[in-house]
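Protein chains: 2
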Amino acid sequence: MTPNDWHYEPFEPTGSAIGFRIKGKLDEVQSPFQKIEIYESTDWGNLMLIDGAMMLTTRDNFFYHEMIAHPVLFTHPAPKRVVIIGGGDCGTLREVLKHPGVEKATQCDIDEQVTRMAEKYFPELCESNGDARADILWDDGLAYMKNCEPGSVDIVIVDSTDPVGPAEGLFNAAFFADCARALKDDGILVQQSESPLALLDLIKEMRVEMGKAGFTTFETLPFPQPCYPTGWWSVTMARKSGGFDFREADARAKAFDTRYYTADIHIGARHLPPFVADALKA
Amino acid sequence: MTPNDWHYEPFEPTGSAIGFRIKGKLDEVQSPFQKIEIYESTDWGNLMLIDGAMMLTTRDNFFYHEMIAHPVLFTHPAPKRVVIIGGGDCGTLREVLKHPGVEKATQCDIDEQVTRMAEKYFPELCESNGDARADILWDDGLAYMKNCEPGSVDIVIVDSTDPVGPAEGLFNAAFFADCARALKDDGILVQQSESPLALLDLIKEMRVEMGKAGFTTFETLPFPQPCYPTGWWSVTMARKSGGFDFREADARAKAFDTRYYTADIHIGARHLPPFVADALKA
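Heads up: the sequence lines are chains A and B, in that order. Positions 1 to 282 (UniProt numbering) are the ones given, in order, by the first sequence. Positions 1 to 282 (UniProt numbering) are the ones given, in order, by the second sequence.
Mixed in with the good hints there might be a few duds.
Note: identical chains are not told apart, hence a pair may lie in one copy or across any two.
Said to hold, decoys possible - With a cut-off of at most 30 angstroms between alpha-carbon atoms, the simulated BS3-like pairs for lysine-lysine come out as follows:
{"no.": "1", "residue 1": "K23", "residue 2": "K120"}
{"no.": "2", "residue 1": "K23", "residue 2": "K204"}
{"no.": "3", "residue 1": "K254", "residue 2": "K204"}
{"no.": "4", "residue 1": "K281", "residue 2": "K98"}
{"no.": "5", "residue 1": "K254", "residue 2": "K281"}
{"no.": "6", "residue 1": "K146", "residue 2": "K240"}
{"no.": "7", "residue 1": "K212", "residue 2": "K146"}
{"no.": "8", "residue 1": "K98", "residue 2": "K25"}
Simulated from the structure, these hints should not be mistaken for laboratory data.
When you get a sec, could you build the whole thing from the sequences and use the hints?
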């Protein structure tokens, strides 16, 4: 790759591509699980690719990390015990730990090398790794959820790569059943759920699999995410029973800064565009 | 270009790119103003490119056309006379004419060939061209606004290409002053205003130019737009005085279908993320 070349990522399932202008490659490691590459870009800071797929950029990861963390944490009535499956870059963990009520947040990513690369090239995402409430494991997330004490967890956040390769098992009913068992009755599962424009079928399939595992109510929240295919992404929350009561007053009174998330953004995201709402109803 | 090739569009100002998987090229014409190309894609329907820049796809143009038309039409108290500068694909005109109160909508695009290509490859966008209230001109939008009778227009919609080439003059104070003169006192100007992530400076500069022309209040609304750089786009409304009073009840009671726009989406878009709001305040 020559200086100021372009990195293009064609995404077969959507027939669309994204790309970034690159200054050069900073690092590459082949872990036991996947190839991790770090590039320096001209306008987006550093980029992390896993097996050739864009994972995050310095400039725009805040959309994703804020939206996978704060909506679910401001929906659960009093989240104390949080588990993050995947999330090895530690950006989700950092957002979770901004909530003072959280007593313990376990991050279980299968690949230690993702965290080592994040520490080096995205140090801002790792700034809460030393928090006494942070419990950072490098282990199999499937096994972790299977062995979790039943009814011990308030929130499970599945912050995974796409449903291929190491993350494939994180999108089926067997895994979701383990999440359901680990969660308390009022617990909430949240998972990154791909593009609400081009991958609506995947969101529907995910909800079906969650349904087989005992989840009965769902809420999908869209948000912009330039470094993912179509630039528009989503998270989906699931509960075993009951609806999603947004703690709006607490969100308005939050004592920490965010760049994208606000109570109003949260409320806005709950109102799906008709073409998404209709597809998810069908 | 071979079948099932990829068309990539690197966008220099943002250092990011988009792309689509292509079945083949359907048409190409060099008008007196620009080169217009039509491609058939595998997943996005037809694509129109002008001078190499993606203008619209069959699949995702509804975001843009709905968001440049309905928010301003549901903000003006009683829009009867609408002028569209640019908009040669006729998709904005179609959305405007869904409002029964509109008595006349003039579309003035410099390039007849854009409309001819739209008629052939995006016929659904042209389905209201025969409406008795539609007034379709192919002429210089700058001259049209300069010669408009003062105080005769309720809404001016600037549905232009990027601020280079033929559209460059549509982003400066001289043009905006002509818009201000043509508008009634309670009239509203709305313009596509590029990416609120990567092109925030452009939105700020546009507001400065609008301010020089006598506009005093502004409202920028973001929305997803996968076929434009970063996948996140915006429109900016401007008024000579007063705020933006959303006719929410009318929007909720609208008698026509939309795929993205709703009253709730409109309300959501009015709440800017902190990083955008802060930048526009600065």
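Hints, one by one, checked against the model:
no. : hint        : verdict
1   : K23 x K120  : within (18 angstroms within a copy, 42 angstroms between copies)
2   : K23 x K204  : between (39 angstroms within a copy, 28 angstroms between copies)
3   : K254 x K204 : between (32 angstroms within a copy, 29 angstroms between copies)
4   : K281 x K98  : between (34 angstroms within a copy, 26 angstroms between copies)
5   : K254 x K281 : between (33 angstroms within a copy, 22 angstroms between copies)
6   : K146 x K240 : within (17 angstroms within a copy, 62 angstroms between copies)
7   : K212 x K146 : within (16 angstroms within a copy, 64 angstroms between copies)
8   : K98 x K25   : neither (32 angstroms within a copy, 51 angstroms between copies)
Hint compliance for this structure: hint 8 is the single one not met.
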